[in-house]
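S.K.: Each chain, written out:
Number of protein chains: 4
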Amino acid sequence: MQTFDIYCAGQFISTQNPLEVTNPFNNQAFAQTYLAGETELEQAIQAAQDCMPALRSMPSHKKSKALFEIAQGLQDQLETLATLLAHESGKPMIYARGEIMRSIQTFKIAGEECKRLPGEIIQLDWTPAGEGRKGYVQYFPIGLVAGISPFNFPMNLAVHKIAPALAAGCPIVLKPSTNTPLSTLALARIIDNTDFPKGSLSILPMNRKNGNQLVTDSRFKLLSFTGSPAVGWRMKEQSGPKKVVLELGGNAGLLVSDDCNLDLAVEKAVIGGFAYSGQVCIHAQRIYVHRKIFETFSQKFIQKVAQLTFGNPLESTTQISAMIDEDNAIRIENWVNEAVESGAKILCGGKRFGTYYEPTVLVETKPQMKVCALEVFGPVVSLEPFDDFKEAIEGINQSEFGLQAGVFTNRISEMDYAFENLEVGGVILNDAPIFRVDHMPYGGIKNSGLGREGVKYAMMDMLEPRILVK
Amino acid sequence: MQTFDIYCAGQFISTQNPLEVTNPFNNQAFAQTYLAGETELEQAIQAAQDCMPALRSMPSHKKSKALFEIAQGLQDQLETLATLLAHESGKPMIYARGEIMRSIQTFKIAGEECKRLPGEIIQLDWTPAGEGRKGYVQYFPIGLVAGISPFNFPMNLAVHKIAPALAAGCPIVLKPSTNTPLSTLALARIIDNTDFPKGSLSILPMNRKNGNQLVTDSRFKLLSFTGSPAVGWRMKEQSGPKKVVLELGGNAGLLVSDDCNLDLAVEKAVIGGFAYSGQVCIHAQRIYVHRKIFETFSQKFIQKVAQLTFGNPLESTTQISAMIDEDNAIRIENWVNEAVESGAKILCGGKRFGTYYEPTVLVETKPQMKVCALEVFGPVVSLEPFDDFKEAIEGINQSEFGLQAGVFTNRISEMDYAFENLEVGGVILNDAPIFRVDHMPYGGIKNSGLGREGVKYAMMDMLEPRILVK
Amino acid sequence: MQTFDIYCAGQFISTQNPLEVTNPFNNQAFAQTYLAGETELEQAIQAAQDCMPALRSMPSHKKSKALFEIAQGLQDQLETLATLLAHESGKPMIYARGEIMRSIQTFKIAGEECKRLPGEIIQLDWTPAGEGRKGYVQYFPIGLVAGISPFNFPMNLAVHKIAPALAAGCPIVLKPSTNTPLSTLALARIIDNTDFPKGSLSILPMNRKNGNQLVTDSRFKLLSFTGSPAVGWRMKEQSGPKKVVLELGGNAGLLVSDDCNLDLAVEKAVIGGFAYSGQVCIHAQRIYVHRKIFETFSQKFIQKVAQLTFGNPLESTTQISAMIDEDNAIRIENWVNEAVESGAKILCGGKRFGTYYEPTVLVETKPQMKVCALEVFGPVVSLEPFDDFKEAIEGINQSEFGLQAGVFTNRISEMDYAFENLEVGGVILNDAPIFRVDHMPYGGIKNSGLGREGVKYAMMDMLEPRILVK
Amino acid sequence: MQTFDIYCAGQFISTQNPLEVTNPFNNQAFAQTYLAGETELEQAIQAAQDCMPALRSMPSHKKSKALFEIAQGLQDQLETLATLLAHESGKPMIYARGEIMRSIQTFKIAGEECKRLPGEIIQLDWTPAGEGRKGYVQYFPIGLVAGISPFNFPMNLAVHKIAPALAAGCPIVLKPSTNTPLSTLALARIIDNTDFPKGSLSILPMNRKNGNQLVTDSRFKLLSFTGSPAVGWRMKEQSGPKKVVLELGGNAGLLVSDDCNLDLAVEKAVIGGFAYSGQVCIHAQRIYVHRKIFETFSQKFIQKVAQLTFGNPLESTTQISAMIDEDNAIRIENWVNEAVESGAKILCGGKRFGTYYEPTVLVETKPQMKVCALEVFGPVVSLEPFDDFKEAIEGINQSEFGLQAGVFTNRISEMDYAFENLEVGGVILNDAPIFRVDHMPYGGIKNSGLGREGVKYAMMDMLEPRILVK
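Residue numbers (this note's numbering), protein chains in the order written: chain A, 1 to 470; chain B, 1 to 470; chain C, 1 to 470; chain D, 1 to 470.
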C-alpha cells in the first residue's frame, strides 16, 4: 500500500497518526497518509511566518516562473495524477483528467496574474484639503492564509486557494478533505521543487478538531473555506478578526425556455445533472422546462440519462460511478423516498447499490421536499414544467442558495430578465449551471457563501490596499 | 440687428470683417458677428500658450467648479440660448432646447471627469531587468487644442471639444461654423465668467483660408474636427506632427427584424430619419425591414412621416423646418430626382419649397444611388425589404461609412451577429442609430473618421501618458 | 428644549423613550429626541425591504440628482447644522463647520459614483471550454445595510455609510451614537425631501440591546460599524451570514525625519495631535522625531501646543474644548498618571478640569504604557527621539493597530521604505496621519478593522458581482 | 553564402532582386536575401485580407498558445539567432543575446495580453434619454497593419509590431531594414510553424519606393513606423485615412543630482551612453551633472569609458564594435569636429577607424551644436555641469525631442519636479534613459513621435472600440 508523507513547513513527514484512504468504488483502502496534529500545525504556521518576508519580496518574474513550473509539473504527471484522483474520489477518469487539466490552467492564470496586481493613482485635489496631492494605492499580501478544501474536486478546489495565495505572496496552510488528501500531497511534491520559499505551503490532513485551529488562530489573516453551509457559517462565527471567504453549496436551477435549442439543452442538462454523480456545487438540481416543450424535453432527457455508463472510475468509458461514501448514498436514497412518499414520481433511476446511487429524475416534486430545498449533492434531478418565464425565475429564487443558474433561451428579453432577477453569483446562458472556467469570478450569495474565487478575485481577498498620500 | 463680439484671447472684440448670420427659415439676416483674421488668431494662440501653466496646474476642484458653473449658466439661459440656436440653424425649438440640455450635461460630465484622470501603477519586475522597480503612469495635458465644429449641432458639437479640453487642462481655439457662430459666442460669455484663465478658450469664426491655420500651425498639438469626410481627410494630410481626431459623416443603417416591437420601431425610425431634417451624422438613412413585416412597417411609417408638422423653428409645435440653406435643399432635390430616374419610387414627400425639402421616403433604391451611397444629410430615407438577416447586415456594411447602426430584434442570435459584424462605432439595439448620450464613446470607422468623443474619450486624446520608472 | 423626532420608515416619529442630549462643554441637556425600540426597528426593516425594488431600479440620474440635492440642503443649513453638531459633540465650530463641509463633499462624491458602477466584459475562451463565450460582470445592490456610527464625527461618519448605501441602491438603517444623534436626524429631514423612496433610510437612536439587532438580524446583508475594536470584533462574531465592515480605532504614529520641513512638521503635528481633543481615530498619538532635530522640534511643538485656545465650542476662536464626557476625561487622566508613574515626563498639559483635559505632551514613554499601546482618543501625545529610520518604522509597527501613519521626509529612500513597511491602511507623506479626504480609500488593518470606506470603496462592499456567461 | 527566402503570404519565396547583407564589422557580404516588389506586396496584402476572418475569430487560447510557441522557438534558437543578429547589425553578442531574450519576453507578453482585451459596461442612464440602457464596449481588430522597423534592434523592434498585431487579431506586413532583414526572416520560420493562418504575417524587405505603398495603400488601417523623424512625419502626411503610430528619435538627457549614488550613476551612464555604440533611440546623449560632483563624476566616467573593449561583435568580450555603416561613422566624425571647432572639448575618444567610431565624451558643448541638438545615434556623449536643478530640467527640455530622460537623485522634491516638468514619454529614476522593459508604455512626444508601444499599448491602437447600446 502506497504511503504519502504529508507536507509540513517545507518537509515531507510522517506522524503517529496514519490515515487510510479508501477507493469509494470498491470500499478498499488503497493508500495511506497521516493526520497532522497540533505540533505539525504549529510548525507549519511558524514556517509560514518565517518565510513571509522572502515570499513577499519575490519578484513577479520569479513567482510567475515557479507557478508555470507547477503547471508544467502537473502536465508531466497528468495520467498519474488523474488516476490517483480517480482512486481517492471515485471520480470517472474522463472527469478526473479534466480536473487536473483545469488545475494546470489555474496555476497558469496565477502565473500571469501575479504580475498584474492592481495599482491606482488617484487625484486627491477634489477639495482644497487635497490640493497638490495624489494618492498611490498599492496592494500588499495580507499575511498567512488558511485553506480548507472539500472532497469533490480534491485537486482543483485546493488549487483555487493555493495558486492565488502564492501569486499574492501569502503563505498558505491547506487542510484537504481526509477522504481525498492524496492528489494535493502529490501536488506538494511538485511545488516543493520550485523556488517558492520553504514554508510557503503546507498540506496537512487533519481531524476536525485540529483543523479548527485554522479557523480560530489569529495568526491567519484569511480563511478560505469550501464546504457545507452549516460548517462554513459556524467558522465565520469563530474566525475572530480574520477575513473569511466561504464557497458553500447550491441547488442550482436550470430554466429551459420554449425558444431554445432543445437538443443542446437536453445534452447539457444531462452533464449538468449527473457529472460526478451530481457531487458538484453547481450541479443542475432543479430543471424548469416550458410546458410547450416539457414532454419532448423529458423524453429525450430520460433517454440520455438511461444511457449513462456506470462502472469503475478508472475505466475510460465510465460516465458515472460510486458516490464518495455509502452514508451519502443512503442519504440520497432517503431523500428520494421522502419525495416519493410526498407525491413525487420517479421517471428513471431511484435505486441504490451500496455506494452507487442510480441517476434519478423526479417529477411532481414540491419546493419544500429535501430533494428541492436542500443541496442534494447526488445524482438526483427534479423536472418541472412552467407556463410563465417570470414564475420560473421566481421558482429558482425560492431557495436558500444562490450560486449559479442556467437559462436556455434565444430571447433578449428573457435573458435580460433572468440576469437582472436571478439571485445568484452567475447566470449561464444556453448551458447548464455547472459551467465554470477557472479565471471567471465564481461564488454565491445567500446561503451559498461570501466572496468570489477565480484566481484574480481570490487574490484580491488576499491583498490589502495601502494608500500613499503624497 | 443684434451684434455679437467674437471671443479672442479672453476678450470680446470686433474686427474689420463683419459676418451676417441668416435665419434659414426666412433667409433673413438677423444678427451680426465678425470674422477673425490672422491677427486675432495669433493673439488667441499666444494667449493660449501663455495661460497653459496656469490652466494645467489648476486643481481639479477648481476646474470642476468652473465646469459646473458653465452648466448652471447654460441652464439659467436655456430658453434664450435655444431660441438663438433655432434662429441661426433653423432647428425646431423642441430639438434646440434638447441640444442646450445636452450641452449642460456635457459640461457636467466634464466637471466630474476632470477629477478622474487615469493613473496606473505597473509592476516592472516581469524580467530581472525590472527587479525592484514599478512604473507610475500619469496623464498630462497635450497642449493647445484646435477645434472646428459644424452647423448642425452648433452648441453641443462645439461643447464636445471645449468641455473635454478644459477638463484635460488644454487651452482651445474653436472655429464654429460661419452659418451658426452665435450660440457658441453666447457660451463664451458664460465661460468668461468662470475662473478658467483668460486665453483658455477663444471662439473665432473664420473663413476657410484663415481657419486652415488651425490645421497647419504646429503650436496646436491636437486638431479635433467635426465635418465632412473630404475636408477631414485633407486636414489630416496637412496637419503635420499634431494628433488628429475626425468626426465625419455617415449614412446610417437601421435594421428591423421580424421578431421586434413593430410600433416602437416605426416611432423611432421616424425620429431617427427626420429629426432636424436629417441633418444629423447618425440620421437613419437606410432602413432594412424583414419582408414579413415590410408592408405593415412601411404603411405605418409613411403615415407617421406624413403627420410631421412643418413650420417656423421657433414655434413649439414645429417638427420639421427649413434646411440650413437652399444649396443643400437643391442638392437633396437633385439626388432624389437622380434616384427616381434610376428606378426608385417615392412613397411620400419628394418636393422642395425654397430651403424646405419635404420628408421623403423612397423604395426600390439601389446601393449605388447617391441617396444610399453618400451621406444624404437631409430628410430622405430609403426603405428596403430583406429576407435574410445576415444579408441585411451585409447591406448596411456596403457603405464607405461606419458610424452607428440601429437594430430592432428580440433574438439574442441576431443581436450578437449584428454586434460582431456591423462595421460601425456603435450598434443601437431597439432604437434608431440617432441614439446618443453624451458620456458614451461616440465616433466611427472607415470614412466616418478617426477617434472617439464622449468627454472621457475625447479627454484621453488630449492627454499624453508619462511613465515614471522608479 | 428643542425636540427632534427620530426618522423611522420614512416618517418622523416620537416614542415612549425620550433621550436627552447633553452639551459636553457645560454638561447641560439642551435637546431631546427618542430611543427607538424593537417595534420601530421592525418597521424600519419592513419599510427598507418594501422599498428595495423601487430603490434598486432608480435610474442613476435620479439617484445622482437626489444625492446632489442632499449636498445642497446641507450647504443651505451649514451654520445651523455646524452649531447643532458643536452643541451635541463639544466640537469647536471651526471643526464642526469643516465636518459639515466634508459631508457635503461626501454626498457629492456619491452623486457621481452612483453613475459609475463598475462593469466588466471578460473573454472566457482561455481554454476550449469557454470558446465562443464572454462573461459580463455587473454589480447589484447587496440588500439591506445596517450602519452604526460613533460620536466623534456624528455627521460625516454616518454620511460615509448613508451616502454609499443610497448610491449603491441599498436601504440603510442607521444607529447614531446616543450622545450625538441630532445632526443625523437633521440630515434625515433633508433626505426625506428627495425622491429616494420612503424607507430607504431610517435613523434610529437605540440602546445597545436593541441596537444589537442590527448585528444579528439576517435580513441585513451588510453591517458597517465604526467604533471601538472590542465592540467591533464581537459584532463580527455575532453577525451570522452578513458581510461586516469595521472601522475601528488607532494609535497613529508620526515620524519626523531629519531631512524635512521642520516648521511644517510642527504645525501639522499640532493639528494632528489635538484637533477635537484627539478624539479622532487617526489622531497623531505617537510622534517619533530624529534625534538631530528632536530638541528643536519639541520646543517648537510645546510652544504651539501651549497656545491652543480653550473655550466654548460655539465660539469661533476656540481651538480646543471639552471631551465628550467626564468619564473619558477621567480615563485620560488615569492613563497619563500611570505613564508618569512608570517614568514618563510631562512636557506640557497633564491636568483635568471636569470634562476638559489639557493638551498634553509626554516624553520618555514606553511602548507598553496605555498612552502608547492603546488608543488614547484624547489630547495626549508622546514624543520620542530616534536614531535609525528603520527602527522608528518598527516602533510605529509595534502596535496592535494599523490605520494611518504620517512621515515627514524629503528622501525617496525613506518614503519608499516607510510605504513598503508601515503596517497601516494609509501612509501620509509630509502631513499628519489625520489627513483624510472623503473619496480616498480609508481604513485599517490589524486591530483597526476590516474593509475600506471612501464612498466608491464603501459602495463596493454594498454591491454583489453577478456574471452573465453568454 | 547563406540565402534567406523572404516570407510572403505564408510562403518562403525568392524574387528576381537579390539583396546582399553585409557584416558592418568587416564590411563583407555574408548572406543573401531578396527584395520584394509590387507583385509580392500585392500577394501579401491579398493573403492578409483573406486570412482576416480566420485570424479574428481565433479563440484567445489558440492565439496565446501560438504566441508562447513562438517564444519557445526563439528560446530554442537563442544562440543561432543572436549570432545572426550580431552579423547583420554589428551588435556585440552580449547585447544581441539580450535582444533575442527581450523578443522572447515580448511574445510571452502578447500571449498573455491577447486574453485580456478590455471590455467595459457603462451605465447609460445619466440622463432620462438613456434610462433602462447600458453600453457594452468591446474591442475589434482594426484590420491590416503595416509595420516598418529599423536596423538598430532588428528583431525586437519588429517584434513590437508583429506580436501585438497577432495578439490583436490583425494581419501584418512588415518591412524590415534592408541592412538587417535576416533575423526577422528567421523569426518568420518560427511563426510559420504555428497555427496562425497563413497570410497573418509577411516579412518583405523592400526598397523605399515599394515600401512606401505600406504608407499609402488604404487597405492598411494602421501604419506603425519606427525610424527617423523626417521620414516619419512625411509618412503621416501621405498616410491617407489610416491611423499612424510613429516611434521616432531622441537625444535623451540624463540628470545627475548631487544627492545621488554617484558610482551607480557613472556605471549606468556608461551603459546608457555607449551600448551598441549609442545607436539606440534612448541612448544617454546629454548628461547634466551637478557642479558639486561634476569633477568626480567626469573622472570616473572617462575612466570607465576608456575601458570599454572594442572588438568583433561575435566575441563575448566585446563591448563596443563598428557602427552600422561607414556613412554613419563619417557623419559622427563630422558632427564632433563641428562641435570642437565651435568650442567643445574632447575628454576621450574622438577618432574614427573605418566604420568604428571611438566612444567619445565632450564637454563645453552648446545646445545648438549638432551633437546636442540633433539625434547623434552614435557613441558620443556630452557632459555639462549645472548649478540649479530646475535649469538642468529646462536644458533637457530645450530639445525638439521628448522620448525618455534619466534622473539620479534621492530627493522627493527633485523627483517630483522632474516628473512633472520633463517633456518626455518616460522619466527613469536612478537609471539611464536607456531603461526599457517590454511591457511598459514606451514612446515619445514632440519630434519623438506619436503613440506608445509596449504590447498592450500597441494593441490598443490596433483595436477599434465598438459600443452596443442595449
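Hints listed in this document are in silico derivations from the structure and should not be mistaken for laboratory results. Some hints could be false.
[Stated by the list, open to error] Once the Cα atoms are required to be at most 30 Å apart in a straight line, the calculated DSBU-like pairs of lysine-lysine come out as:
1. K62(A) with K446(D)
2. K351(A) with K366(A)
3. K65(A) with K62(B)
4. K62(B) with K446(D)
S.K.: Against each hint, give a clear statement of whether it holds in the structure.
M.R.: Hint by hint, here is what the structure shows:
Annotation: proposed proximity of K62(A) to K446(D) is violated, straight-line Cα distance about 37 Å (limit 30 Å). A C-alpha spacing of about 21 Å is found between K351(A) and K366(A), which places the hinted pair at or below 30 Å, so the restraint holds. With a C-alpha separation of about 48 Å, the suggested pair K65(A) and K62(B) falls outside the 30 Å cut-off, and the hint is violated. Between K62(B) and K446(D) the alpha-carbon distance is near 29 Å, which keeps this suggested pair within the 30 Å criterion.
In summary, the structure is inconsistent with hints 1 and 3 from the numbered list given earlier, while agreeing with the others.
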